[in-house]
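If you read the protein sequences in the order shown, they are chains V and R.
No gaps in the numbering here: position 482 of the first sequence is 482 in the working numbering, and each next residue is one more.
No gaps in the numbering here: position 416 of the second sequence is 416 in the working numbering, and each next residue is one more.
Calculated from the structure, these hints are not laboratory results.
We treat Cβ as the ideally placed atom computed from N, Cα and C, and that holds for glycine.
It is possible that part of the hints are untrue.
Unchecked claim - Facing chain R, from chain V, some residues (calculated, C-beta under 8 Å):
(1) Asn226
(2) Met322
(3) Ala323
(4) Ser349
(5) Ala429
(6) Val468
Said to hold, decoys possible - With the Cβ distance kept under 8 Å, some of the chain R side facing chain V (calculated, not the full set):
(7) Ile230
(8) Arg418
(9) Ala433
(10) Pro462
Each chain is listed here by its residues.
There are 2 protein chains.
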Amino acid sequence: MSGVTTSYRARDGVMVGRILDSSPEQTAESVDRACVAIRPLADTAPAQRRSWLDHLAAVLLDHRDELAALADAETALGMPRLTGEVERMAAQLRFYGDVAAEGSYLGVSVDTGPSLVRVNQPLGPVAVFGASNFPFAFGVLGNDTASALAAGCPVVAKAHPAHALLSERLAELALQALREAGAPNGAFGMVRGLQAGADLVRAAGVAAVGFTGSQPGGLALWRLANEREIVIPVYAEMGTVNPAVLTARGAVARATEVAEGFVASFTLGSGQFCTKPGLLLAPAGRSMPEAVGRALTALAPHSTMLTRGIADAVQMGVKELMAAGAELVTAAPGPGTGWSADAAVLRVSTAALAQGGRLHQECFGPVALVVEYDDPQDLREALAGLQGSLTGTVFTDGTDTDPDAAWLMLALAGKVGRVTVNEWPTGVAWTWAQQHGGPWPATSRPEATSVGAAALDRWVRPVAYQGVPDHWLPPAGRADNPWRVPQRRDDVG
Amino acid sequence: MSGVTTSYRARDGVMVGRILDSSPEQTAESVDRACVAIRPLADTAPAQRRSWLDHLAAVLLDHRDELAALADAETALGMPRLTGEVERMAAQLRFYGDVAAEGSYLGVSVDTGPSLVRVNQPLGPVAVFGASNFPFAFGVLGNDTASALAAGCPVVAKAHPAHALLSERLAELALQALREAGAPNGAFGMVRGLQAGADLVRAAGVAAVGFTGSQPGGLALWRLANEREIVIPVYAEMGTVNPAVLTARGAVARATEVAEGFVASFTLGSGQFCTKPGLLLAPAGRSMPEAVGRALTALAPHSTMLTRGIADAVQMGVKELMAAGAELVTAAPGPGTGWSADAAVLRVSTAALAQGGRLHQECFGPVALVVEYDDPQDLREALAGLQGSLTGTVFTDGTDTDPDAAWLMLALAGKVGRVTVNEWPTGVAWTWAQQHGGPWPATSRPEATSVGAAALDRWVRPVAYQGVPDHWLPPAGRADNPWRVPQRRDDVG
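All chains should be built: construct the whole structure from the sequences, respecting the hints.
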């Protein structure tokens with residue numbers, strides 16, 4: 001088993017390819033190549049790096065249908081979603097290029113007395129561990145890779161075993177496109193296999209890690225990085241339960257609409273979203289568990305999972321939730337072939353939820369809990385007991401005067417990285433104001449985001465230059481500002 | 001010994017006070033009080049918090065001479081330095097208040113399509129571990145406390161054992177001043193003793209840690225925080241060797257001036273600066289070790305250290321450096337009473353330096369190494385082998401055309417948080433462009449700074465609000481912008 005990654009077709013479990021894992025020597029070579037690219041990348045104007053990312057985006061779009069088909073075989077996420085996701089990957093590459101060219105990520109600040117110029121500089125090679133569930137948007141050329149290259153850091157990605165063939169093809173296209181665009185050798189590389197991933201995090205030349213995936217996976221890399229002689233940051237975005245709340249007035253106004261929306265959201269992509277709402281808190285006495293159950297039966301999602309392991313974990317997860325006190329309301333059978341999983345709605349009391357444990361943890365897949373609360377105090381305590389999450393959602397009566405909304409905003413803001421009102425959290429826009437992160441253990445760095453303009457901030461650190469003549473400063477800090485980036489100066493109003 | 005902190009007069013070693021350590025219950029109460037203050041602090045406009053900090057600054061200035069005298073007894077840092085440092089503490093409190101009121105630390109970003117508003121919010125209670133060497137500027141009311149309060153976080157400081165009586169008095173004045181100014185109960189508190197410090201880092205209510213001090217101390221707290229169920233960030237600023245380079249042309253132009261400046265800088269405050277230049281790299285053949293030795297003899301600093309432990313460590317450190325291959329050039333005797341230490345200059349070859357180990361580590365106190373390099377390549381390799389540091393310094397011939405300067409800027413920027421040219425690094429301005437941090441192990445978070453406007457960024461995390469009606473947003477994110485803070489909006493040019 002060790003030494004080879006096997007690729008399977010998710011819909012029928014047939015093996016479709018085998019990829020040799022990287023040897024320790026190959027991984028070391030990839031890191032060495034990345035180290036050679038540190039200086040050329042850092043010295044390149046952000047607008048020039050944008051042109052590389054734009055070209056890469058164009059090449060990927062040229063191969064949209066081919067890439068989507070390759071991904072669909074390995075992931076069963078479907079062609080409409082996957083062609084759209086190729087477009088999203090390309091748009092993200094362009095967006096991070098735009099953010100780099102805009103230049104505020106460089107954080108330039110100039111004091112004239114005493115003479116101090118502060119400029120962010122790239123950290124160096126970034127190891128990127130993409131996600132299984134978004135083979136493009138969070139894959140080997142996803143948010144982490146795009147934002148790191150935009151910020152001037154070489155990237156060594158680890159191929160994802162859930163889409164090994166796709167990872168190969170994406171890497172091939174990236175190497176070709178970056179070369180064509182004039183990017184230095186070593187700007188991007190890829191390694192294969194579990195051991196190579198660990199080797200990468202341990203490599204002295206690697207300066208930071210980006211990870212999207214499970215809590216055990218993220219924490220393992222975080223521990224590994226903390227054991228290095230030179231500890232490096234691990235930006236791990238891990239799985240969470242993502243609570244959604246239906247207010248008392250909301251339940252009166254639109255219980256059925258919310259039940260249907262909840263089911264659509266938690267079964268989207270077979271429930272394989274890090275932002276999946278896994279827990280609906282609804283007022284007691286309005287039969288919301290049953291309403292959600294009916295909506296699930298009506299939708300009948302027939303979920304195929306990304307891997308056999310995930311499919312098995314869904315089945316096991318439902319058993320664990322029941323062992324922890326949840327009760328099955330309704331299940332909807334999977335297709336029965338390939339990596340099939342049954343979707344399920346369970347109900348649980350606030351008293352059982354308060355015991356924590358498994359009920360507070362993500363069940364990755366088309367599975368969700370409905371919790372009935374008695375009153376606002378009961379709801380408040382249930383929320384206070386939850387772990388940190390990426391998102392928290394409130395459904396009100398839609399009038400902007402719902403009396404529970406204001407305190408729910410505060411309660412959720414203390415627990416999550418993104419609060420949504422009357423909108424389901426699945427779907428993450430890559431924009432300037434986005435925050436895709438949340439309190440530990442949702443992410444290992446709650447102050448950071450893997451999506452949105454601030455994603456670049458993870459890959460830089462500031463250096464202050466004191467008494468340094470202008471021509472010895474980095475370009476972004478010079479008085480003539482050759483890169484045309486925002487400079488905060490204490491000598492102008 | 002356990003249960004009591006004893007205060008000594010540094011100049012003669014006489015005991016001047018004993019302070020009871022906090023019990024676990026007292027520490028827990030302090031954290032509970034801080035937790036009660038979370039909401040009121042976060043809901044207060046930054047300009048209002050500035051008014052509290054301004055009042056605190058005024059109260060401290062009213063007690064300037066009393067505080068300086070108290071500090072002088074415990075630290076022997078001298079009245080001129082200490083009265084100046086009280087003024088600096090007050091100025092820092094005002095500065096961080098100004099930074100808060102300016103509001104860019106809130107990082108407000110508004111997208112109109114889709115509707116997303118990103119606003120930083122305070123993390124919650126911050127545990128502050130001040131430094132021995134700056135009883136005011138980095139003490140219980142120093143940079144960490146001031147920036148955390150400015151950012152809207154309650155603070156629980158740990159009293160410093162090297163100035164236990166001063167810590168008590170500062171806490172007393174702070175509680176009084178903050179109450180007078182209208183700050184909520186629990187905005188500031190203090191605990192005493194080693195065990196209380198560990199209890200604080202383990203307390204569930206504590207959200208972040210600020211630390212300034214030794215590498216073993218900082219790493220111990222960092223490990224403790226990493227073992228929590230909810231891991232919290234530790235911003236530890238630790239000791240480093242801080243290289244200074246004299247270029248070949250610089251040695252021709254002003255070897256004597258640099259030798260004298262080096263001695264003045266590394267013996268300042270008895271060498272008890274985290275920014276002390278501990279290592280001078282000078283071209284071979286110009287007798288720089290001897291010149292530095294002569295300058296040390298001429299200055300004759302008579303160093304009294306902050307504690308007996310530090311004085312012992314200086315003596316031990318010189319022995320360790322010699323065991324690692326350094327050779328004593330000159331020593332200057334301490335006063336011989338109290339926490340006396342001999343100042344020392346040692347020389348070491350680049351070959352011995354390349355072995356790493358003790359020669360790469362800080363010797364906290366009036367001790368420095370001079371390393372002679374043969375040529376630029378020799379110098380480049382010596383720098384590449386050094387650990388991360390807070391500062392790196394270059395002395396050129398002063399013409400702005402020194403051929404070594406440009407590459408030295410790049411080499412040092414990869415190793416340190418602040419590069420100074422023709423200025424010694426001791427002395428850290430609290431301004432917008434300051435960066436007081438550096439690569440691991442200089443700090444545990446190289447992207448952060450404990451001094452300067454960005455110090456506030458350590459104590460907040462972003463929350464994005466999606467589809468949230470304006471009146472449910474936090475004030476900083478609202479369209480009418482009641483706090484008048486910078487908002488980045490995608491719907492304005």
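Against the structure, the hints come out as follows:
1. Taking 8 Å as the C-beta cut-off, the interface hint given for asparagine 226 of chain V holds, the closest approach to chain R being about 6 Å.
2. Annotation: interface hint on methionine 322 of chain V violated; nearest CB of chain R at approximately 25 Å, more than 8 Å.
3. With a cut of 8 Å, the hint placing alanine 323 of chain V at the interface with chain R is violated, because the nearest CB-to-CB distance is about 22 Å.
4. About 24 Å separates the beta-carbon of serine 349 of chain V from the nearest beta-carbon of chain R, more than 8 Å, and the hint is not met.
5. Restraint check, alanine 429 of chain V versus chain R: the minimum CB separation of about 5 Å is within 8 Å; hint holds.
6. A least Cβ separation of about 5 Å between valine 468 of chain V and chain R falls short of the 8 Å threshold, and the interface hint therefore holds.
7. The beta carbon of isoleucine 230 of chain R comes within 5 Å of a beta carbon in chain V, closer than 8 Å, and the hint placing it at the interface holds.
8. Among the interface hints, the one on arginine 418 of chain R holds; its C-beta lies about 4 Å from the nearest C-beta in chain V, closer than the 8 Å criterion.
9. For the restraint placing alanine 433 of chain R at the interface with chain V, the shortest Cβ-Cβ distance is roughly 4 Å, inside the 8 Å limit, so the hint holds.
10. The restraint placing proline 462 of chain R at the interface with chain V holds, with a minimum CB-CB distance near 5 Å, inside the 8 Å limit.
When each numbered hint is compared with the structure, violations occur for hints 2, 3, 4.
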